[in-house]
Amino acid sequence: MSQLTKKSTPVMITFIIGFFTILVYFIALPSSVTEASSTLNGWATTIVALAIGFGTIVLLRTHTMRVMQRRKGEWVYSIVIIIGILIFPLLYLTIGPNSYLYKTFYSTVNATIGASIYGLVLFTLVGGMYRTFRAKRLNGLLLMISACLVMLQIAPIGDAIWSGFPILGSWLMDYPTVGVYRGIMIASAFGALAICFRTLLGYEGGHVSGGGE
Amino acid sequence: MAIIVEGRIIGFIILVATFATFYYLIDQVKKGRQIRLRRLPAIDGIDEIVGRAVELGRPVFFTNGGTGSLSGVLAPQLLAGVRFGTYLAKKCAELDAKLIAVDCHPDVLPLLVGNFDDAYKFHGKQVPPETILYIPQGYSYTLGCGSLITRERAAGTVMVGPFQHEAVFVAEAGLEAGALQVAGTARSSQIAYFAALVDFPLIGEDIYAGAAYLSEIPEQLGTIYGEDPFKLASIIISLLAFISYNLNIPWLLNLLTI
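Protein chains in written order, with the working numbering: chain A, 1 to 213; chain B, 1 to 258.
Next up, chain A with everything else stripped away, as it sits in the complex (with noise of 0.2 Å):
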């Protein structure tokens, strides 16, 4: 296959499949085509799993090329990688998910390790807010009083300690905040619809590269 029908192909599908999308949101279609358009999105579901299949893959030869290499440090994480990748599809393949073993092994390792990592991953978010929120410059300062304000509001002590924090912070969660929030938003969504007509038209090229051209 030549590299212009390799580009050009992709940019045709997307075309296609982008204009018509578009077409049945916006235009009162019969409900065959609207069904149709339903099939395209079972579609794309499926085409995401099969790349979610690809992302194992390069996680499994990743994790596999530095067993085999021995790599100092990393090899040992590596062998419990690679369990934990097979172990989990295995079970569920052979015993189902409502079976014993897999919830005990999903409630025992899987949710243990994520409610660990969140213990850890708390003290350095911790930090990080309190960089963020230190009032080195006017805008750290103003996010700073906005943040208090906006704890005040929630914690039951600020209640305590003056009647108008309460409805200060919910002021500045209503008004502000929201204002800002779609101000931001609009502007965002011109910026997707401005990417979104130079991938339907083939310009943006970003999701058909590859083959060193």
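Fair warning: there could be bad hints in the mix.
Mimicking EDC-like on lysine to aspartate or glutamate, the simulated pairs with C-alpha atoms at most 16 Å apart in a straight line are [unchecked claim]: (1) A:Lys-7 with B:Asp-118; (2) B:Lys-98 with B:Glu-55; (3) B:Lys-125 with B:Glu-152; (4) A:Lys-6 with B:Glu-130; (5) B:Lys-98 with B:Glu-48; (6) B:Lys-98 with B:Glu-130.
Worth flagging that the hints you see were computed from the coordinates, not collected in a lab.
None of these values were measured; they are calculated from a predicted model.
Based on the hints, put chain B in the right spot on chain A.
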């Protein structure tokens, strides 16, 4: 029977108008019309990061956010992230800087692999092994990015895409490693952290404008230029809505909902 679905007429008009404007401006740029755009400091920041990495002999870190997929509403942000990653890869290939890229989206991974491959081949090189790492979404991604930045003592970080809670964690890790940081997201809840923690923040729509700028295709600049009249129209419509609500003129508000 109505041709346009009820409640989507205004949306349809805006879509057609924006697409027509983009097409017209791209055509104008092709014909040689000069468009002057303000250069984003973050774009220069990326060049500075790569130069710094070469001088210090330390790697550059790239990631494109810890959430979303190509089949969802966050896809434009992911595509913008891919564009930033590709530009960074091209710069790293040119100056022989070590690049570590982390992706947690299995559907975006092939795009990154393909684009990085192109970027390195452009300079007659191969992508070094383990340049792109896949770490699944969630806390493993957050911790993975943080520990890579700290352990490898990244000279700089470029983080563009749909970020959630990991934004503050990864930016904090970069700060601790003394990295020069470029970061941007269109997720409004995380913008404040990037604005406060990184050297070159990209706020909301900046990531899309930056992506078009970095594509090095002049026609793409037409789309950035084309956004401005619609932003101005949005401001005017918002003001009209504010006035009509407060002066009790319901027809204007109803007009926007058709």
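Against the structure, the hints come out as follows:
no.: 1; hint: A:Lys-7 with B:Asp-118; result: 13 Å, holds
no.: 2; hint: B:Lys-98 with B:Glu-55; result: 12 Å, holds
no.: 3; hint: B:Lys-125 with B:Glu-152; result: 23 Å, violated
no.: 4; hint: A:Lys-6 with B:Glu-130; result: 26 Å, violated
no.: 5; hint: B:Lys-98 with B:Glu-48; result: 14 Å, holds
no.: 6; hint: B:Lys-98 with B:Glu-130; result: 11 Å, holds
The structure shown violates the earlier hints numbered 3, 4.
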